[in-house]
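Student: Chains A and B supply the protein sequences, listed in that same order. Using UniProt numbering, read the first sequence as starting at 1 and increasing by one per residue. Using UniProt numbering, read the second sequence as starting at 1 and increasing by one per residue.
Calculated from the structure, these hints are not laboratory results. Watch out, some of these pointers could steer you wrong.
Computed spacing ranges between beta-carbons, pair by pair [to be verified]:
1. B:Ser155 x A:Arg180: 53 to 59 Å
2. B:Asp112 x A:Arg229: 40 to 46 Å
3. A:Gln146 x B:Asp163: 21 to 27 Å
4. B:Ala65 x A:Asn182: 51 to 57 Å
5. A:Val160 x B:Gln46: 26 to 32 Å
6. A:Arg204 x B:Ser155: 55 to 61 Å
7. B:Thr44 x A:Trp108: 47 to 53 Å
8. A:Arg204 x B:Gln46: 56 to 62 Å
9. A:Gln146 x B:Ala82: 18 to 24 Å
10. B:Ala72 x A:Ala83: 52 to 58 Å
Note that beta-carbon positions come from the ideal geometry of N, C-alpha and C, so glycine has one too.
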Amino acid sequence: MTDTAASASAPRFARIWDAPVRLFHWLLVALIAFSWWSGEQHEMDWHRLSGYSILALLVFRLFWGFAGSRTARFAQFVRGPGAVLAYARNIGRRPYAGSDGHNALGGWSVILLLAAIAAMVTAGLFAVDVDGLESGPLADYVSFDQGRAAAEVHEAMFNVLLALIALHVLAILFYLVWHRRNLIRPMVSGRRALDATEAASDLRWSPWKAALGVVLAAACAYAVSQGLRF
Amino acid sequence: MTRSKAPKFTQIGLVVAAAVTALVTAGTLAAAAPSPAVKTAIATRQANFKKMGAAMKTLNEQLKADAPNKAAMAGAAKALLAAARAQPKLFPAGSGPSSGVKTEALANIWTDRATFDGQMTKLLGEANKLVGATSGGNADAIRAQYKATGASCSSCHRQFRADT
Numbered sequence: 001m002t003d004t005a006a007s008a009s010a011p012r013f014a015r016i017w018d019a020p021v022r023l024f025h026w027l028l029v030a031l032i033a034f035s036w037w038s039g040e041q042h043e044m045d046w047h048r049l050s051g052y053s054i055l056a057l058l059v060f061r062l063f064w065g066f067a068g069s070r071t072a073r074f075a076q077f078v079r080g081p082g083a084v085l086a087y088a089r090n091i092g093r094r095p096y097a098g099s100d101g102h103n104a105l106g107g108w109s110v111i112l113l114l115a116a117i118a119a120m121v122t123a124g125l126f127a128v129d130v131d132g133l134e135s136g137p138l139a140d141y142v143s144f145d146q147g148r149a150a151a152e153v154h155e156a157m158f159n160v161l162l163a164l165i166a167l168h169v170l171a172i173l174f175y176l177v178w179h180r181r182n183l184i185r186p187m188v189s190g191r192r193a194l195d196a197t198e199a200a201s202d203l204r205w206s207p208w209k210a211a212l213g214v215v216l217a218a219a220c221a222y223a224v225s226q227g228l229r230f
Numbered sequence: 001m002t003r004s005k006a007p008k009f010t011q012i013g014l015v016v017a018a019a020v021t022a023l024v025t026a027g028t029l030a031a032a033a034p035s036p037a038v039k040t041a042i043a044t045r046q047a048n049f050k051k052m053g054a055a056m057k058t059l060n061e062q063l064k065a066d067a068p069n070k071a072a073m074a075g076a077a078k079a080l081l082a083a084a085r086a087q088p089k090l091f092p093a094g095s096g097p098s099s100g101v102k103t104e105a106l107a108n109i110w111t112d113r114a115t116f117d118g119q120m121t122k123l124l125g126e127a128n129k130l131v132g133a134t135s136g137g138n139a140d141a142i143r144a145q146y147k148a149t150g151a152s153c154s155s156c157h158r159q160f161r162a163d164t
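If we strip away everything but chain A, and leave its shape as in the complex, we get:
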């Protein structure tokens, strides 16, 4: 009797984001901000370092999309158009039923954000500044004009990325205001409160696989920073 009363009043929690996913997310936020700042200030040594770090994060996230916990895996959150449409149609319906990790629409938001950041990093690697003084580590492989074109793509992609980030933040505000769902706290703590009818499912990940991913990411970023010359 007391057991059921307690479980009905005190919220039950489930772990939904593993530590590497959360660390990836907040490091990415910080590094994108720092990249913007260092680029604006023409602090190109810092800007390059920041870009290599973002590259490492991307490689890790790609690896973790196959080796991470349930909610980190692409196979779990990249859904077909049918599932996306079905989710989008009922997005405003209340009460809102929480998703196990990314929802069908949010999963594609993650993919778009990752693709935009990857495109931006790639363009930056080949970019040359207008004076031919500063360049990405792979600019040696392209001509001055191609390097300038890469720099223009790099700049244009930043506006695309800003638009996607704005959409990301607006979506989080929508869930907060319309559905009274705080999605920010779980990205910090890793946990969210379960609905009364929801069953808690476990979240498992291997520190060894995470370590392997970190080594892989660091090796890739280092190789690229050296212009793939050893």
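Fit chain B to the supplied structure of chain A, relying on the hints for placement.
Tutor: Frame of chain A; chain B shown alone:
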């Protein structure tokens, strides 16, 4: 009363609209039709700046290499000097942002011409020294002069080029 007024306002509105349209069209035409000489000057100076940028890129890469290619560096320095020599004549009056041609040249080139010309002279001096250093072949000397030349690019660009 109000009925008789309404057409009058419409007529005034039409006249104003026609005048505005005429002015805007004239302005657009004037801006869209720079003289051929101005167009050539802008295109030529932009091509020269690209040659200088490409030369700096070549020098930068060679200086990073384990065994820099001396001929490549000397060629780049000469190309840079040749392009730099042509530049001062390629900023005629009316070839600034008001020309209607896409240019990052700021208007203060023409209002502060003495400073601009001084920067051009400085660039020529550095480019000459760069040719000297590359013919000498000492990598450290080339690197130092490469940096001095690059500093003259940046300092002039901060003053006289739109930061995009």
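Student: Now tell me if each hint is right for this structure.
Tutor: Quick rundown of the hints versus the structure:
1. Judged by the Cβ atoms, the range 53 to 59 Å given for Ser155 (chain B) and Arg180 (chain A) holds: they are separated by roughly 56 Å.
2. The hint said 40 to 46 Å for the Cβ distance between Asp112 (chain B) and Arg229 (chain A), and at roughly 44 Å that hint holds.
3. As the Cβ distance of Gln146 (chain A) to Asp163 (chain B) is approximately 22 Å, the hint placing it in 21 to 27 Å holds.
4. Checked against the hint of 51 to 57 Å, the C-beta distance between Ala65 (chain B) and Asn182 (chain A) comes to roughly 54 Å, which is consistent with it.
5. Look at Val160 (chain A) against Gln46 (chain B): about 27 Å separates their beta carbons, and that is inside 26 to 32 Å.
6. Distance hint for Arg204 (chain A) and Ser155 (chain B): a CB-CB separation of about 58 Å, consistent with the stated range 55 to 61 Å.
7. Checked against the hint of 47 to 53 Å, the C-beta distance between Thr44 (chain B) and Trp108 (chain A) comes to roughly 48 Å, which is consistent with it.
8. At roughly 59 Å, the beta carbons of Arg204 (chain A) and Gln46 (chain B) sit within the given window of 56 to 62 Å.
9. Judged by the Cβ atoms, the range 18 to 24 Å given for Gln146 (chain A) and Ala82 (chain B) holds: they are separated by roughly 23 Å.
10. The given range of 52 to 58 Å is respected by Ala72 (chain B) and Ala83 (chain A), whose C-beta atoms sit roughly 57 Å from each other.
Against the hints set out earlier in the document, no violation occurs for any number.
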